[in-house]
Each structure stands twice: as C-alpha cells, then as structure tokens.
Amino acid sequence: MAETTITPEEEPPALALPFIFLGDHVLYILTDLGRMGIFLFSALVGIFRRPFRFRELLKQLNFIGAGSLAVIFFTALSSGMVLGLQGYYSLHKFGAEGMLGSAVSLTLIMELGPILTALMVTGRAGSAMCAEIGIMRISEQIDALECMAIDPFRYLISPKFLAALISVPLLTAVFDIVGIFGGYLAGVGLMGVNSGSFLSGMQQSVTNHDIRLGVIKSIVFALLLVWICAGRGYLVQQIRGAGFGAESVSRVTTQAVVLSSISVLIFDYLLTAVLL
Amino acid sequence: MTPSTPENTPDIAIEFDRVSKSFGQRNKKHRVLNEISFTIPRGLTTVIAGGSGQGKSVTLKLILGLLYPDSGRVLVDGINVPSLNKRELLKLRTRFGVLFQGSALFDSLTVFENIALPLRERTKMSEDEIRSRVMATLDQLELSGHEDKFPAQLSGGMKKRVGLARALQLEPEIVLFDEPTTGLDPVMTREIYQLFDSMQKRLGYTAVIVSHDIPGVFDIADQIILLNKGEVDVFTDVNEIIHSTKPYIREFAEMTMGDLFTRPEKEKCH
Amino acid sequence: MSLMKHTRLEFIVGVFLVLGLLSFGWLALNLGEVPWLSSSHRYIIYAEFDNISGVKSGADVQVAGVVVGKVGNITLTEDDLARAALQVDKSLAIPVDSIASVKSQGIIGDKFIQLTLGGDDELYKPGATITDTESSVDLESLISKFAFGKVK
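Chains as they are written, first to last, in the numbering used here: chain A, 15 to 290; chain E, -18 to 251; chain R, 2 to 153.
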C-alpha cells in the first residue's frame, strides 16, 4: 500500500493523548469485532449459495475430519486411561469403585471430549486453515477470486465451515468412545474394577441430556474455531500490529490459535452454566 | 448508478474524476491520491507509472471496487464504481481481467485448473469445451506441456503468462496489469512486454498497466499516466516526459530514465 | 491415476463419516435413550399416584429389585392425580391386580417405581393405566408424627 504524502494535522494537546489512544483502541476493537461478525455472516450465508462445491467439502472433511482421527485417537486413549487411573484412586478411598464407569463416561461426554477435540482440531486444522487463507490473502489470490466475480466465501470459506461443523461433532463422538475404552482399559484391565459394574454404572448414569450437552458443545466449539481461525486469516491485512507479508501470516496464525483455544474454554464454562 | 457525464465519449473506457484517497489513522494520515483526474481510452494500452508508494496499485483497486475513494468518482463506461452495490460490482468485474503482481495463481490448483477456473465457475461450458479452450490459450502463450504443473513449479515469467491466460479466459473488455514484471530478469521482462503487446493487438482489449519499470514499459504504451506525490500528469509519448518543464517531472525523469538516451533505438517500436 | 486419487479421497472421507456416525450411534443407543428406537422393545403403561414427589423422569422401574424400565413423562391428570408413563420391557407381563409403588433406595436415595406383580390371568394392555398405587411416603410428616407422638 502506498503511503507518502503526509497531510499536516494539528498536534493534539498532551493531556488529550491518553484519551485519543484509548478511544482509538476501542474504535479499533469494535471495528475488528464488526468485521469478524460480517465474516461469520457471509460464511454462513455462503454455505447455501449455489453452485455448491461438493469436492471442496470432501477435501476439507478429509483434512479436518479424517486427518484428525489419529490425533484424536491417541489423545482420547491417553486421557481416558488417565481418567480411569485417577478416578480409581479417588473412588477407591470411599470403596466406590463401582462409580468409575459413570465418572469416566460423564467426564468424557460432557467436558473432556468436546474440549480436547476442539483444541486438537484447532491446533491441527485451525492453524493450517488460518495460514492458508492468510497466504491466499496476501498473495492476492482472494482478490483474484473477487475479480473473477467468484464469491470467495462460497468458493473458499464456507466449505471449511461446513466441514468443521460436520467433522468436530463426529470427532467428539469418536473421542468419547475411545476415551471410555481407555478408561475401561485402565480401570478394569489394570486396576481390576468389576467389568459389569463399570459398564452398568456408565449406562445408568449417562442420560440423553448429557449426550445432548456434549453435542451442543462440540457444534459451538466447531463454529468458534473455524470462525476465528478462518476469519483471522481472511482479515490478516486489517489486523493492527500484524505487520506485513509472511510475518503477518505467522503472527496472525499464532494469535488465531490462542484466541480460539481461549474462546473454547470460556464458552465451555458458559455452556455448562447455562445448559447443565 | 450515475448517468454518463457529457465529456464521457464512447472511446473512453475509464475515467477518474477528482479522486482522493488516504490511508492510515487520524494522526498520521497519508494522502496517496489528491483530487486526481484522468481518462483511459478504449482499446489502447495505458501505462500508469510512478515511483513506489505513489498510489499506482491503489488506482487499480479503485477501478475494481476493491477500495473506495474518500471523494471523487471512478467511472467505468460512465458507471460510478464506488456507488455500486455488491451484485452490480460482481457484474462489472466480469468485464475485467486482472493480472496480479504476484500472479495470484491458486497454489492448490494445477496450471490447467487455474486457467479453467473462471470458465468452470462463471460459464456453463462443458468440460470438453473448457479443455479445448484452455489448451488453445496455453498454446498461444507458449505454455503447452505445463498444464499439469503446480504454480510453485513454474518460473516467474511462466507464472505471469498463466496469470494472463487466466485473466483472458472470460474475454474481458479491460485488462488490468499490476506490476507485471516484478521479479523478472530484463530479458524475460522484454519478452513479457512483447507478449502483452501482441495479445492486446490481437484481442483489442483496453489494457491498463501499472508499473514502476520505467522506461521499459513505455515501449508498449499508447498513453502514460504519471503519478507523483498525489498529483497526476498525462503524456502520450515518452519524449513529452523528457522535455517536460515541470521540475518534479524532470527530477523523476532523470532519476528513473537516466539511461533512456543511451538505449538502442530499435526498442522504440511505436 | 486421477480417478484413483479422487476415489481415494472419497473413500477416506467415507470411512471417517462412518466411524464418526457409528461412534455417535453407539453413544446414543447404548448410553442415552432414543425414544423411537428403544420403544421398539418397550411398551408404555401408565400409573396414577396421589403423590409422586421425588420421582424424576428417567427414574428406574423395578420388579423385585430388577430394573425393567424407566419412568417417562410425568403429568397431572384432570383429577389432580400424578400420571407417570412407565416404559417397561416387552417381555414383562403385568397382571391387572399388580400394584405400582413409589420407593426409595435407602432413606436418602433416589426414588423409583416398584411394580408388585399380581397373579391374575388377565394382563394390562400397552397404554392402560394402573390405578392401584402406593404414593410417596412423606418423610417429613412421618418424622413429625414421631416427634409429636401421634403414632399409634
């Protein structure tokens, strides 16, 4: 962007400077939020625009969903096993090992499954998504799309949204199952908890409401992570302090991953508080 | 939409009418364009030149409606671009072809897919028609045999040619070139210019080339628009620049075209 | 080659979707209660109580300590009685002289519905209403009776 001619402007009084700085910052934050809001709206509308890019959706499902299976599997197995062990030691003190199945499955379905899946997908697919879109932005590929009168949302962004909204809940379900299996492995296999009491405890304590809460959480997290990661990449040139070129993309990607992880954790609390 | 202005004769493709544009925050505002006005004739090649940071790319983005001016009108065929809504803007853009600075080829698509993209997305052509059309373009631009390569595997000059091929697929009336020779060596630069010239002559589109490659790009220019410190000067010949009496143009000419007099005469083809 | 690549992508995505949906299905079927699926091996029978305080939707229905079903919706009838829908296993036959009672697991445990099956040859049909019921024991009034010595 070209900038040379500086228009002369009056120097503001020194006392006003903090207010100018503050006001400027508030204005920027509101503008930024507004841009993100418009981005979210356009991306959601883009899902329903025709022609639908089915192949791109498949590619994104492959990348976000199928590609994350291995990460999800190992994360779920290890956290499930840890839950099984920890739960056993805590419950053993009260002679309540029979509650292990219920404790492990409820923790996984309502909290750990949705959260860890969202964090893993953010780290794996969200960062890549942000960098990809950011690079397309700075190398003018998105401008090129617009100049060919191709809606970049329908073409590029919305398939990612749809793929994330489909993939993350399914990955969460896989996480839950593998995690419960891990808990079973640790509790029943290693610690010798009665298999029947583990399974029946699990079946009796988990209700539709718990599963619904998990599903709602995973859908909200999916939307959050794809919104923040894709949106930050898309707006890379409008983010203050991001710099230029390749550096701006790397900064914005880091920022997007941090922001989306924090939002997932905050929204987890909010959703639990509202829906539990 | 704004009605045509009286001076908007049919042979004018694009007109800037007292356009201003600034960037930056309130206490350090940079005025890039200061009430500039010029016209770009239809069917000819116009070069928008100027040092770096003089607002050349900004003018292109204003024409495409990717940026909005702070004041003034940008007219394309008498239509005021900033006043268009999103749909009208998309419709207008179908009449443009754009070759971006970095070619802006899609990294994840092959050369063939890149060139076929506008046809696939914007037309109802069958895959066979698209194939034969893209192959013909590839042939014209001496790119045959490279259709299955990815942009990352191409040289800078080839990328530009693929970019041009893509820009020309929808038979645009106006083709915009943003710094088309950035990163190319002098030999490649000359080849690319010759290619631009021959394609423009063959297809008769209005070409607008933004470049800081002075004076090389002047060889193919029918009109030169010089942007400097927010002001604009229009020339139809390089000699006018050299013989200009305005001090900043003289300064600019000496800085950028010191070697013009020593250059062989054959390069001035028209 | 290109076809291979394409079908490969579809295959992988297909595997992912099937895996995800199966996991989800397992969660829903095994752990949750899917009414339109579980109703296939259960039938609904109603029971009307004077007082059903403490029994929640989803509570167990037991016969001789064995869980045979769950409590569905609980509504108030026109006669101001509490009407509970009991989803019980199809294999369970309930004679018409059976009694439904509200019981607790221990003194502070969860409330559940206990069915005491009768010996009649005639059986309740699905959708019928059990009127022979024992309501919740009101612990507080019981304690106060003890406290004020009104127990006979």
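Treat the hints with care, since some could be wrong.
As a list, the in silico DSBU-like pairs of lysine-lysine whose alpha-carbon atoms are at most 30 Å apart [claimed, not checked]:
{"hint": "1", "chain 1": "E", "residue 1": "Lys42", "chain 2": "E", "residue 2": "Lys105"}
{"hint": "2", "chain 1": "R", "residue 1": "Lys57", "chain 2": "R", "residue 2": "Lys71"}
{"hint": "3", "chain 1": "R", "residue 1": "Lys126", "chain 2": "A", "residue 2": "Lys107"}
{"hint": "4", "chain 1": "E", "residue 1": "Lys130", "chain 2": "A", "residue 2": "Lys73"}
{"hint": "5", "chain 1": "E", "residue 1": "Lys227", "chain 2": "A", "residue 2": "Lys73"}
{"hint": "6", "chain 1": "E", "residue 1": "Lys72", "chain 2": "E", "residue 2": "Lys42"}
{"hint": "7", "chain 1": "R", "residue 1": "Lys126", "chain 2": "R", "residue 2": "Lys104"}
{"hint": "8", "chain 1": "E", "residue 1": "Lys210", "chain 2": "E", "residue 2": "Lys72"}
{"hint": "9", "chain 1": "E", "residue 1": "Lys67", "chain 2": "E", "residue 2": "Lys130"}
{"hint": "10", "chain 1": "R", "residue 1": "Lys126", "chain 2": "R", "residue 2": "Lys146"}
{"hint": "11", "chain 1": "R", "residue 1": "Lys104", "chain 2": "R", "residue 2": "Lys146"}
{"hint": "12", "chain 1": "E", "residue 1": "Lys105", "chain 2": "A", "residue 2": "Lys73"}
Don't read these hints as lab results, they were simulated from the structure.
Note that this is a predicted model, so its numbers are computed, not measured.
Tested hints:
no., hint, in the structure
1, E/Lys42 - E/Lys105, "holds (28 Å)"
2, R/Lys57 - R/Lys71, "holds (10 Å)"
3, R/Lys126 - A/Lys107, "violated (48 Å)"
4, E/Lys130 - A/Lys73, "holds (20 Å)"
5, E/Lys227 - A/Lys73, "violated (58 Å)"
6, E/Lys72 - E/Lys42, "holds (16 Å)"
7, R/Lys126 - R/Lys104, "holds (24 Å)"
8, E/Lys210 - E/Lys72, "violated (33 Å)"
9, E/Lys67 - E/Lys130, "violated (34 Å)"
10, R/Lys126 - R/Lys146, "violated (40 Å)"
11, R/Lys104 - R/Lys146, "holds (20 Å)"
12, E/Lys105 - A/Lys73, "holds (24 Å)"
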